[in-house]
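Participant: This is what each chain is made of:
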Amino acid sequence: MNNIPLEYYIALSGILFTIGTLGVILRRNAIIVFMSLEIMLNSVNLAFISFARYLGDTSGEIFVFFVMAVAAAESAIGLAIILALFRKKQTIYVDEVNVLKH
Amino acid sequence: MNIHLIAFIVLGILAIASAIGTIATKHPIYSAMSLIVHFFALSALYLTLQSPFVAVLQILVYAGAIMVLVVFVIMLLNLNEDEKQTIRIQSRNSFGIVLAAIFFIMIVTFIMSNPLNQPNSTNVYNLFTAQSLGSVLFTKDLVAFEIVGILLLSAIVGAIVMAKKKLIN
Amino acid sequence: MEIQVLFSLPLIIASFFAVFMPVFDAILKKNKQIIFLFTLLNFLLVIVADIFIFASPEFFTGVLKSGLENSDFGKFLSDAVSLGGYTSFFDLLFAIAGILTLFAAKDYLKKESYELKEFYSLVSFSFAGMLFIAHANNLLILFLGIELMSISFFVLSGFFRNNILSIEASLKYFILGAFATGFLIFGFAMLYGATGSLELKVIAQKISFNQVTPIYFALAIGLIFVGLAFKASTFPFHQWAPDVYTGAPTVVTGFMSTAGKTAAFAAFIVITKAIFLSNLVIDNATVNPPVIAITRNSREILAIIAALTMLVGNITALMQTNVKRMLAFSSVAHAGYILLGIVSNNSNGWSGIVFYAFAYVFMQIGAFVIVSLIEKENGSNLNLSDYNGLSKSHPFLSASMAIFMFSLVGLPPFAGFFGKYYLFLSVIQSGYLWLALVAVIASIISIYFYIGLIINMYFKEKEGEPLTVQCKTSGISIILSLIGVIFLGIFPSLLMNPLLNLFK
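Chains W, A and X are the protein sequences, given in the same order. Position 97, counted from 1, in the first sequence is what my numbering calls 116; the numbers after and before it change by one each time, with no gaps. Position 57, counted from 1, in the second sequence is what my numbering calls 172; the numbers after and before it change by one each time, with no gaps. Position 215, counted from 1, in the third sequence is what my numbering calls 217; the numbers after and before it change by one each time, with no gaps.
Be a bit skeptical, because a hint or two may be false.
Stated by the list, open to error - With a cut-off of at most 20 Å between alpha-carbon atoms, the simulated EDC-like pairs for lysine to aspartate or glutamate come out as follows:
| id | chain 1 | residue 1 | chain 2 | residue 2 |
| --- | --- | --- | --- | --- |
| 1 | A | 255 | W | 76 |
| 2 | A | 279 | X | 117 |
| 3 | X | 378 | X | 114 |
| 4 | A | 279 | X | 114 |
| 5 | A | 279 | X | 27 |
| 6 | A | 255 | X | 74 |
| 7 | X | 77 | A | 261 |
| 8 | X | 394 | X | 463 |
| 9 | X | 208 | W | 76 |
| 10 | W | 107 | X | 379 |
| 11 | W | 107 | X | 114 |
As the list claims (entries may be wrong) - A partial selection of chain A residues facing chain W, derived with a Cβ cut-off under 8 Å:
| id | residue |
| --- | --- |
| 12 | 123 |
| 13 | 127 |
| 14 | 137 |
| 15 | 143 |
| 16 | 166 |
| 17 | 218 |
| 18 | 219 |
| 19 | 222 |
| 20 | 239 |
| 21 | 248 |
| 22 | 263 |
| 23 | 266 |
For the record, the hints were derived by calculation from the structure and aren't laboratory data. The beta carbon of each residue, even a glycine, is placed where N, CA and C say it ideally should be.
Hey, can you work out the whole structure from these sequences and the hints?
Facilitator: Okay, structure coming up:
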């Protein structure tokens, strides 16, 4: 019935993971960096669900629930840190926050 | 060509395009909208993998909760100034691009060189219902479920510490 | 049933305190003293529970494992976490690090007028996370433990949130920490795909029977090591560590760079015990399936990473004038030393890691406590020249700082010497003589900056008025650290022999 090979899904998840990585490396806007991190986590979810479906095993799906919970927790923390930064410095650009290097 | 393959290709292209849109647009609010499209595309992909429950959760948790929070923060900070240049190619950035390209080629060639796998069983709908997943979650993975409670609590306390206005001793 | 409850007591106590600490906060509105005592009670109870575990006859025999399978509760518990054995030593280690940090934090937070009760909650959360990392028996628990610890650390490093340095440290740590988590769980996904299970026992079994998909397995090892290398701040991914460690509050830096790093290495041990074949299997292999080649190659790569980490950490530490930054770079180098134990991949290496971690907790937290005492508000007074003439004004502080520095270098009567000795020995025994030589060279380089600090304290004169130091409870953690450093230096076998037994 469903004859798409597993490798297609995993390759797609690899491509999405790379796009997320690129976003984290290239963008300087903290909120967009944060969204790129979400793309990375979602590509992991895709990989887990494809493996779970092709192995016929539930533990991969369960892992995805926990990744979602962790993503929610991380988003709360990350946005709170961005808020604290904005309040102090009026910027959210990672480039402009560079006191420590000197 | 069958209908499944066409659906996969269309959804895959949509997911990739919206992911690129997220990291390449100027204003964070466009990125956020693009990311919501990405989440919906992924949710549809989960349906092609016979996982309806996770597909619903994907929309509820990501598009419904996390993205609302992100959009709220964008509005709260009222960022109308665009980033000066969308993508600046500096030495470090080009290093990043090269690294990502190598990584990308590696993953795809690694995976594509494999003999293609077909699923172990054609139908896993019964395995991936909310009922069976719930029973696994509350028996085999009970300890993990308890830990995630502590984790969410720590996120609440942490977010309050970072975001509250006044320090109260 | 009784045995299971006894053996899981450290985890239960830590979770209980983590959950109820915010409640105590709310009930006891003004009373910081009691919150402090509650947190202390948390660590002390974990230590007491571990002493009971050490004393119980099941500890060294294998009775525990068979007893666990009998009840449903025991089965779920043993699927998720491993109890007893070497994990109890990790409990002890994290609890000691917590106690040392707690006493120092009381003085330090008061000085910086940031004495908020949430600090104690966050320390308890990260403590629970570390315990679950060390006890993990399942990739899921490992992931949640790492996240619980990291999320608490993101906030702790930004705890002085009116200070831009602290917020910047927090933001950097958050972005890179979440980035590393992405790599780590993508690796977990690949490992799941390669072996079809999330349980480390099953994974180890499949690998030893060569029932894995080699391509996914290779990708998994690479990605997991990238993620863990970020968390443990080893060579290509160490850039964040000095920035974060310098910007974070000093006591938090002490806690993160010792207990947090040890937890990352606990994760390393948990993973490599499962996915690396034992040395015996590799040496006696007649056929050459891909799994053996992958294990061999990844150990070679880890060896190179360890060598580079030690050299880069120590050489960059030479150029620093800020003491906190110098200690941060040297902590990168220490991650390199600890990685030697992972490269050697046998019981000597693993027990060497635990021993070194004990020594490292005492000497590094001790040094950071002294730095936190000398430091003035807003992160000033941290340069090497500020330590000039400290021996005249504060003989006790400078003497203990000198002892910690000697121990960090690895001079004989102190704990650091035996930590290095066991690790170097284990790596020579498993055939990496060149790596041991690099480690010795790196240690020799490190003498320069550690001893440089001592020279500043003892042989240079201070200009201007002498320093005033407020030292109340911090004195307790300095004395405890001194006792630990000297005790482990004189009686190393008291800790090393049980460790060797447990890892066998």
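Participant: Does residue 222 (chain A) pass the interface hint, meaning its C-beta sits closer than 8 Å to a C-beta of chain W?
Facilitator: Holds, because the Cβ-Cβ distance from residue 222 (chain A) to chain W comes to roughly 4 Å (cut-off 8 Å).
Participant: Double-check residue 137 (chain A) for me: the hint is only fine if its C-beta lies closer than 8 Å to a C-beta in chain W.
Facilitator: holds (6 Å)
Participant: Given the hint that residue 77 (chain X) pairs with residue 261 (chain A), does the C-alpha gap stay at or below 20 Å?
Facilitator: holds (16 Å)
Participant: Would you mind confirming whether the straight-line C-alpha gap from residue 208 (chain X) to residue 76 (chain W) stays at or under 20 Å?
Facilitator: holds (16 Å)
Participant: Compare the distance between the alpha carbons of residue 279 (chain A) and residue 27 (chain X) with 20 Å, and conclude whether the hinted pair is satisfied.
Facilitator: Roughly 16 Å separates the two Cα atoms, so the pair holds.
Participant: Run the distance test for residue 394 (chain X) versus residue 463 (chain X): straight-line Cα separation, threshold 20 Å.
Facilitator: Distance of about 9 Å is within 20 Å: holds.
Participant: Report holds or violated for the interface hint on residue 239 (chain A), using the least CB-CB distance to chain W and a cut-off of 8 Å.
Facilitator: holds (5 Å)
Participant: Hold the hint about residue 123 (chain A) up to the distance rule: shortest CB distance to chain W must be less than 8 Å.
Facilitator: Nearest chain W Cβ about 5 Å off; hint holds.
Participant: Need the status of pair residue 279 (chain A), residue 114 (chain X): alpha-carbon distance at most 20 Å?
Facilitator: holds (19 Å)
Participant: Within a Cα-Cα threshold of 20 Å, do residue 255 (chain A) and residue 74 (chain X) meet the stated pairing?
Facilitator: holds (9 Å)
Participant: Is the straight-line distance between the alpha-carbon of residue 107 (chain W) and that of residue 379 (chain X) 20 Å or less?
Facilitator: holds (18 Å)
Participant: Going by Cβ atoms only, is residue 218 (chain A) closer than 8 Å to chain W?
Facilitator: Result: holds, 6 Å to nearest chain W Cβ.
Checked against the numbered hints above, the structure violates none of them.
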